[in-house]
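Asks: Put the two chains together into one complex, using the hints given.
Quick note, the sequences are listed as chains H and F, same order.
Position 29, counted from 1, in the first sequence is what this note's numbering calls 657; the numbers after and before it change by one each time, with no gaps.
Position 84, counted from 1, in the second sequence is what this note's numbering calls 772; the numbers after and before it change by one each time, with no gaps.
It should be emphasised that the hints constitute simulated quantities derived from the structure, not laboratory data.
Keep in mind the model is a prediction, meaning the values are calculated, not measured.
Every residue gets a Cβ at the ideal spot worked out from N, C-alpha and C, and that includes glycine.
No false leads were mixed into what you were given.
The calculated label-pair distances, taken between Cβ atoms and stated as ranges, are: (1) F/Val700 to H/Tyr667: 21 to 27 Å; (2) H/His710 to F/Lys710: 31 to 37 Å; (3) H/Lys696 to F/Met703: 45 to 51 Å; (4) H/Thr700 to F/Thr704: 45 to 51 Å.
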Amino acid sequence: AQSVTQLGSHVSVSEGALVLLRCNYSSSVPPYLFWYVQYPNQGLQLLLKYTSAATLVKGINGFEAEFKKSETSFHLTKPSAHMSDAAEYFCAVSDYQGGKLIFGQGTELSVKP
Amino acid sequence: ETGVTQTPRHLVMGMTNKKSLKCEQHLGHNAMYWYKQSAKKPLELMFVYNFKEQTENNSVPSRFSPECPNSSHLFLHLHTLQPEDSALYLCASSQGYRGPGEAFFGQGTRLTVV
Chain H
629 AQSVTQLGSH VSVSEGALVL LRCNYSSSVP PYLFWYVQYP NQGLQLLLKY TSAATLVKGI
689 NGFEAEFKKS ETSFHLTKPS AHMSDAAEYF CAVSDYQGGK LIFGQGTELS VKP
Chain F
689 ETGVTQTPRH LVMGMTNKKS LKCEQHLGHN AMYWYKQSAK KPLELMFVYN FKEQTENNSV
749 PSRFSPECPN SSHLFLHLHT LQPEDSALYL CASSQGYRGP GEAFFGQGTR LTVV
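Chain F on its own, in the form it takes in the complex (with noise of 0.2 Å):
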């Protein structure tokens, strides 16, 4: 158990679609974080939330849209996406502003585009 739960593990949609990926953190958290995992790519951070509040988007297509209700839940809205976009999505959260506390990872949200 590692604290941040994220569903469905696995998701394929076609490109007209529309999905969304959920986050849930039960560590009291109030950063939380959406990165992307390509093959042969580095993780790239795509949106940053503390205290509810988005404070980063790192040049995100407009196609992923990002919701945080609260500061344990957080959602990624996907619609007419395309097959480059097939990844592991992983969800973070962290203690946020207050400190260096390390990022806790969720298991991961496979993603293919079909």
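The shape of chain H in the complex, shown without the other chains (with noise of 0.2 Å):
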């Protein structure tokens, strides 16, 4: 079976600060790992994936997240943070049946000004 650990269920930054957000998983597979992001009364929205290509993947709004297969994590990562990335942020997992997601708990990010 997939799993999905975020690591915080919160997180606060001070806008131009690091944005780091963390993801571990756990799959008997070679995973797909995702990450979404979802603003107030909002459905979800892709910020990036990784499909076994580049471990090193790039997505939408400046965000990154390197996948690293002897840690098992997949953590989100932003240089500079922006008020306008104050989010809840997922990270999930599917497998080569495509398409499933698992999802973690879910990080709510504050950027403060």
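Replies: Written out as structure tokens, the structure reads:
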């Protein structure tokens, strides 16, 4: 069975500071990994995805994530936080079956001025 | 425009009512999903449909009844719900078995059971 653990249900950073949201996964097969963002009262929007190509994946809005098999991690980073980055972020894993996503608990990101 | 449209966006219903949530996707996908998002809880996968066939039901109570008449439409029929069923219900679609394509989500239906 696959699972995802997001460390920290809430992360707070100052505007301009580094954003680091942690995600660890468990999968018996090579995983496909995703980061989604959710703004209040909205659906989920894909930020980026890892599908066994490059281990460093760049996404929208300046976010990127690095797949580290040895650490079973897929942490999300952004060099400089912006106020508009405040939202909830979800890490998800799927297998070769395609599309059925298993989500982590979510991390709420707050950005202080 | 996400390509996945859910209606209604908000719904308030009594415990004895019957209502339906609708989801439509214009992405040519073959798989559709219902997720439940409750406050302080992880997203819960409820149902999975591939090529109109239900392939997964994650022990969802029978008061939730899904229907997938074709690959573009998905419904969730609701009856005799409980207050704890109040949540954001999200529909998603993806390519399905052919690949690891990401899921595209609708805006969700905010359901309140009174």
